[in-house]
Amino acid sequence: MSFPLTSAKLQGYDPGQVDALMSRVGSQLANPERRLVTAPMLAVARFDLVLGGYQIPAVDQELARLADDLEIAEISRLLARYGKARVSSDLAANLRTIKQVLEQEPKKRFDIVRDGYEQKLVGAMLKRVIVKRSSLTAPKSFELRTSSLGRSGSGFERSQVDEFLALVVTALHQQEILS
719 MSFPLTSAKL
729 QGYDPGQVDA
739 LMSRVGSQLA
749 NPERRLVTAP
759 MLAVARFDLV
769 LGGYQIPAVD
779 QELARLADDL
789 EIAEISRLLA
799 RYGKARVSSD
809 LAANLRTIKQ
819 VLEQEPKKRF
829 DIVRDGYEQK
839 LVGAMLKRVI
849 VKRSSLTAPK
859 SFELRTSSLG
869 RSGSGFERSQ
879 VDEFLALVVT
889 ALHQQEILS
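Numbered according to our numbering, the sequence shown terminates at residue 897, and the numbering increases by one at each position without gaps.
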């Protein structure tokens, strides 16, 4: 896979590193039983910045799309191997966890840290996540994975927010596959 390059004076992701990861993702998609790359691995992938590298938004958007593909494939494998009851049980547990977080006071959902996500942007995103009657309503997984949540000197702990949003995405995929 090829991505657009930045100009020679701007930094972008190191093409060698991106291409290596994309090669592994391609192998994973071609051989679903192997565990070369998972959706959570793509969510935390980091690349060196180099002059004239790949344009960051293009790579990030493709990683988000591929993470969805990998997660859907994994849930489908679980469904085929263990049946609907297993995926339904996992979904119910995920919905309980999501609901518990959403029921907390907004400022107590995540730890406050010196360099975290902007609280207002996280709050606005979470207002769109609703668990009602064992059903999840939320923004599309691509939006959850790619939306900018800003930076704040007194913001929510990034890893906690990322983990929560990943759980929401997983629940969305489970719900979609079961419907």
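Worth flagging that the hints you see were computed from the coordinates, not collected in a lab. Quantities reported herein were computed from a predicted structural model and do not represent experimental measurements. Every residue gets a Cβ at the ideal spot worked out from N, C-alpha and C, and that includes glycine. Among the hints, a few may not be true.
Simulated restraints, written as ranges between beta carbons of each label pair [said to hold, decoys possible]:
#1 Arg783 <-> Ser877: 21 to 27 Å
#2 Arg795 <-> Ser877: 34 to 40 Å
#3 Lys817 <-> Gly734: 42 to 48 Å
Going through the hints against the structure:
| no. | hint | verdict |
| --- | --- | --- |
| 1 | Arg783 <-> Ser877: 21 to 27 Å | 22 Å, holds |
| 2 | Arg795 <-> Ser877: 34 to 40 Å | 27 Å, violated |
| 3 | Lys817 <-> Gly734: 42 to 48 Å | 43 Å, holds |
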